[in-house]
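Asker: Residue numbers for the sequence shown, in my numbering: 4 to 366.
In short, the hints are calculated from the structure, not lab data. Positions of the beta carbon are idealized from the N, C-alpha and C atoms, including for glycine. All clues stand as given, with none of them false.
Below 30 Å or equal to it, Euclidean Cα-Cα: the simulated DSSO-like pairs (lysine-lysine) are:
{"no.": "1", "residue 1": "K68", "residue 2": "K268"}
{"no.": "2", "residue 1": "K315", "residue 2": "K358"}
{"no.": "3", "residue 1": "K68", "residue 2": "K95"}
Ranges of calculated distance between the beta carbons of each label pair, as one might list FRET restraints:
{"no.": "4", "residue 1": "P289", "residue 2": "R21", "range": "43 to 51 Å"}
{"no.": "5", "residue 1": "M4", "residue 2": "H31", "range": "55 to 63 Å"}
{"no.": "6", "residue 1": "G274", "residue 2": "G101", "range": "16 to 24 Å"}
{"no.": "7", "residue 1": "A320", "residue 2": "F271", "range": "43 to 51 Å"}
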Amino acid sequence: MKTICFYFQIHQPYRLKRYRFFNIGRDHYYYDDYSNEDIMQQIAARSFIPANRMLLDLINTYKGKFKFAISVSGVALDQMEVYAPEVIDGLKELSRTGAVEFLAETYSHSLSSLIDPVEFQSQVQQQTQKIKLLFDQKPKVLRNTEMIFSDDIAEMAYNMGYTKMVSEGAKLILSWRSPNYVYKSENQPNMKLLLRNSQFSDDISLRFSDYTWKEYPLTAEKYISWIAATSPQEEVFNIFMNYETFGNLQPAHSGIFEFMKALPKFAFDKGIEFSTPSQIMDTHKPVGTVSVPLAISWSDEERDLSRWLGNKLQKSAFNTLYEISERIRLANDRRLKKDWQYLQSSDHFYYMSTKHFYDGSMH
4 MKTICFYFQI HQPYRLKRYR FFNIGRDHYY YDDYSNEDIM QQIAARSFIP
54 ANRMLLDLIN TYKGKFKFAI SVSGVALDQM EVYAPEVIDG LKELSRTGAV
104 EFLAETYSHS LSSLIDPVEF QSQVQQQTQK IKLLFDQKPK VLRNTEMIFS
154 DDIAEMAYNM GYTKMVSEGA KLILSWRSPN YVYKSENQPN MKLLLRNSQF
204 SDDISLRFSD YTWKEYPLTA EKYISWIAAT SPQEEVFNIF MNYETFGNLQ
254 PAHSGIFEFM KALPKFAFDK GIEFSTPSQI MDTHKPVGTV SVPLAISWSD
304 EERDLSRWLG NKLQKSAFNT LYEISERIRL ANDRRLKKDW QYLQSSDHFY
354 YMSTKHFYDG SMH
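Sequences are here, hints too, so could you generate the full structure?
Answerer: Dropping the structure here:
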């Protein structure tokens, strides 16, 4: 039986204000409060709140048979608590249905897994504690920032107590194989993996309102027919995307909400079910292993780290930020530690990118 696994990522960084050279040592407040409030409230109104409402209606309509997973970065939750608490209320309602699984990730949506194992573990623990506090769930599946995954990260995650992760079904690691199965890490065989189906995911998140796309317009019936037409052996379809696909990346007038509302009916009519990452990895055995010596991500055509660490400026800022990690951990200044954590958000390195070709994937 074919199963769709929807997973939605929610993240917004703290935007930084213009900070000049002469502010160093004099001004210790780094955030653009106006932008942070304005952006969060706009996205909440256009995307998060109506998406929460839509998905709750689908869960209720299909009596809990429509299921999915969500991850929310700690920095996004921190901003929601101040600027858009109704989004958190909506997520709490979703959690109470029992049909939504919350995943673990780094608190500040950081790249710490690439350089600082201690900070990586600390942030995952902090984020899972926040999820438990707000949504009464203890995450069982780890989703690293930007779906970044490697053999070393699998080992770190396993040592932190995780045996399940989600990542990108990059051709670099799968070659001719399909992402529509459960896999396991070759380096750490106890680590089960769900790998994103980039084609089916991007059909919704990137191409849905693209008038030049040969499959435009995409209807729920057409989309489900594609999944139903795949090989009978392919049972798991991991559709991972940004939560802002609903209403922000794909505006409401594109019909994205109507598409999603119609999708479960056509799926159930074809005998296709919905499930969460934990449930799938508990009920399906891995069909093979994947070796990932060099880290992959879900960004751009290359599915690598070049969007964040592709030039000298990015690498210099990245190394400088983590060179002070031990001193930060020894400090007693809570505000200083929080500033350092917020500065780790991958977005700040992304903004420094000088890549010319850009396919839009995930950003």
